[in-house]
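Student: Chains as they are written, first to last, in the numbering used here: chain U, 929 to 1315; chain Y, 929 to 1315.
Heads up, some of the hints might be wrong.
Any copy will do: because identical chains look the same in the list, a pair fits if it lies in one copy or spans two.
Mimicking DMTMM-like on lysine to aspartate or glutamate, the simulated pairs with C-alpha atoms at most 25 Å apart in a straight line are [said to hold, decoys possible]:
{"hint": "1", "residue 1": "Lys1250", "residue 2": "Asp932"}
{"hint": "2", "residue 1": "Lys961", "residue 2": "Glu949"}
{"hint": "3", "residue 1": "Lys1169", "residue 2": "Asp1095"}
{"hint": "4", "residue 1": "Lys1121", "residue 2": "Glu942"}
{"hint": "5", "residue 1": "Lys1218", "residue 2": "Asp1288"}
{"hint": "6", "residue 1": "Lys961", "residue 2": "Glu1200"}
{"hint": "7", "residue 1": "Lys1169", "residue 2": "Asp977"}
{"hint": "8", "residue 1": "Lys1054", "residue 2": "Glu1248"}
{"hint": "9", "residue 1": "Lys961", "residue 2": "Asp977"}
{"hint": "10", "residue 1": "Lys1250", "residue 2": "Glu974"}
Hint data in this document are derived by calculation from the structure and do not stem from the laboratory.
Number of protein chains: 2
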Amino acid sequence: MIVDAIKSVLRDVEHPVSLHEPSFIGREWQLLKDCLDSGYVSSVGEYVDRFEQQLAQYLGVEHVVAVVNGTAALHVSLLLAGVKPGDEVIVPTLTFVATANAVSYCGAIPHFADSEQSTLGLDPAKLRQYLAGILQLDDGQWLNRNTGRRVAAIVPMHAFGHPVDMDALNEIAGLYGLPVVEDAAESLGSCYKDRMTGTLSSLAAISFNGNKILTTGGGGAIVTNDKVLAKRAKHLTTTAKMPHRWQISHDEVGFNYRMPNINAALGCAQLEQLAGFIERKRSLAETYKKTFSDVVGVDFFQEPEFACSNYWLNVLLLDEAKPEICNEVLEALNNESIMARPSWTLMHKLPMYQGCPRMDLSVAENLEQRLICIPSSPFLSQAGDHA
Amino acid sequence: MIVDAIKSVLRDVEHPVSLHEPSFIGREWQLLKDCLDSGYVSSVGEYVDRFEQQLAQYLGVEHVVAVVNGTAALHVSLLLAGVKPGDEVIVPTLTFVATANAVSYCGAIPHFADSEQSTLGLDPAKLRQYLAGILQLDDGQWLNRNTGRRVAAIVPMHAFGHPVDMDALNEIAGLYGLPVVEDAAESLGSCYKDRMTGTLSSLAAISFNGNKILTTGGGGAIVTNDKVLAKRAKHLTTTAKMPHRWQISHDEVGFNYRMPNINAALGCAQLEQLAGFIERKRSLAETYKKTFSDVVGVDFFQEPEFACSNYWLNVLLLDEAKPEICNEVLEALNNESIMARPSWTLMHKLPMYQGCPRMDLSVAENLEQRLICIPSSPFLSQAGDHA
């Protein structure tokens, strides 16, 4: 039934059907050629500036720093938020591995938190109760009383493009003076109560990987309204080089995280089409929603009440947490050349993170066994001109 | 006199004159367009495989793993060489900061070594004597007797494209069983005794940044003849994802270091022209050499006897170590819109590396005050068709 329903939506589409494929139907060629002709394909060049400015304008935010990918954006955002070696950082267990890895790159330890069913992201109420139980104030710092380590930040991740309940989360963070770093890798264009994800905390990371709603080939961005943080972000991502006409000197351990100009040129062309991509993706989601309204045993996951999501990856939730059913559906779809995949393996189950601190993760564990991602490319929408 | 000599070489060239500008005179546009048309611009796509294979063939090496930049290539190469947190790694003080930063990313400490005047790279004789004095064997490991830390690897850097004396260096490394990781970021196409740099040790890192002889916008490669290391390199640079049709699971802390397909497409087109680029750059070097043969107070730096260099950046060495003369020349050239720059500030003088262990660095300190890099783009050569 599930497989048939998906096949009915995708019946007119050429197979194999990817999970998410970019559309290059705008000025991609023109801007790439202009970039080549300029001779500036690397870290120097006007497209990086232009992409940063246009993205900032789109998001309604002061500063965007384009980088090499979303993981790099998150890594530097965490450093800027003050995460130090030996700290703990609250991250959801239901996320892509980059969220936890970025914490590791800082020498810090991910501390896994549970998700709520209505957003698939961090559960603020559960987190509030948990933190009240484990945090203790010591010399002005909030320590995990079980490990003695400082808890340094909270990283909500807007899973599959659906916004976390950020007001509730920011309130909890405020109780302990913890910085919030939004992992908005998947949620470019998604709104939470009329504000864009990526602008709901002091720092955010976005991804423009090939499977994202907007792609630069590989790329990411650090987003902030804070001028000082933006300047530090630019400095840290450009090897911490000191400005000088010819001297080459650096004042701290920086990173080679700049987005090349050629990737930014692609991004500029994609950004011009972003509103259309979102429209088509929401239209596709609507089609899936209708199609699954009368399929038993499964729900099409819909955006939270407070959100207008980009529906980056469309999600089905089986009624029952039965891995064998999940696998059966995945097997059938993939055998039909329709790409589908389950939840990421939960972070606390990965070998390198099994020993990390965590709260009760029963909701995420339940979701993991019920979740299936299905094809979500914008061009799959019947509403689009290019379907 | 120095300024006039450079101006005479560049008299027919449009100003401003960059230090190193790429040439896109091959199939760049064709391959980029093909890449866009394929829809695969990101980490999946045939150009990455093609670039890796073609580069391996060019180098005469078994395995190439394309990554996001040269810094990332060096970082992962060091991890693969077994560098652990708290180790020390021998690196030249006369290098770009990425060499030392890559060591820092491993949680290790750079240990700075001196250069020799004939190569501008690590001085094997001086290093041999130094290591004999400071290394002591402890439980099968060679420790720095002054710090108690393990010395884990040696990283020669082929400065400005000129090969280090690798036979001598490999011999020293062999005495202590230390792995050698070549930092060949600048020396693609340079030969040491008829073998390509990047193939003279178990692991090497190459850069394809916009200022390099071959550019992918931003990019790098890990080079090795070892199948196991190559497989590990691919795994670590692709988030350590386990192969599976649909499951998303990772078995260690990996990195998002893959080169995007669109950057690889550019690289494939550039690789077709590499021999020509080298020819033109060597011809330009010959012109500089002749021009400076009768200029007093300065030498044009020539490739070591055992080398055939790519002359990535042409280098002048003033006879006298007088920073004020160096600055005068740099000021005059840059004021004439001819880009020129001094040596990198030596690593042991940067604030974050001042406390690191080091040997006597007097040769590098002398070179730092005498060295000037001058415009080196391949199209500057009179010999080229496209001059």
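Student: Using 25 Å as the alpha-carbon threshold, which applies to Lys1218 and Asp1288: within, between, both, or neither?
Tutor: neither (34 Å within a copy, 74 Å between copies)
Student: Have a look at Lys961 and Glu1200 and pick one of within, between, both or neither, based on CA distance no larger than 25 Å.
Tutor: both (17 Å within a copy, 19 Å between copies)
Student: Please work out whether the CA atoms of Lys1169 and Asp1095 approach to 25 Å or closer within one copy, between two copies, in both situations, or in neither?
Tutor: neither (37 Å within a copy, 34 Å between copies)
Student: Evaluate Lys1250 and Asp932 at a C-alpha cut-off of 25 Å and name the case that applies: within, between, both or neither.
Tutor: Answer is within: at 19 Å inside a copy they meet the 25 Å cutoff, but 79 Å across does not.
Student: Can you tell me if Lys1250 and Glu974 fall within 25 Å by alpha carbon in one copy, between copies, both or neither?
Tutor: neither (52 Å within a copy, 37 Å between copies)
Student: Measure nothing new, just compare the shortest in-copy and cross-copy C-alpha distances for Lys1169 and Asp977 to 25 Å and report within, between, both or neither.
Tutor: within (18 Å within a copy, 33 Å between copies)
Student: Which holds for Lys1121 with Glu942 at a C-alpha limit of 25 Å: within a copy, between copies, both or neither?
Tutor: Answer is neither: 37 Å inside a copy and 54 Å across each miss the 25 Å cutoff.
Student: Regarding Lys1054 and Glu1248, is the shortest C-alpha distance of 25 Å or less found within a copy, between copies, in both, or in neither?
Tutor: within (23 Å within a copy, 70 Å between copies)
Student: One pair to classify: Lys961 and Asp977, alpha carbons no more than 25 Å apart. Within, between, both, or neither?
Tutor: For Lys961 and Asp977, the Cα distance is within 25 Å both inside one copy (17 Å) and across copies (23 Å).
Student: If the cut is 25 Å between Cα atoms, do Lys961 and Glu949 qualify within a copy, between copies, both or neither?
Tutor: both (22 Å within a copy, 17 Å between copies)
The structure does not agree with the numbered hints 3, 4, 5 and 10 stated previously, though it agrees with the rest.
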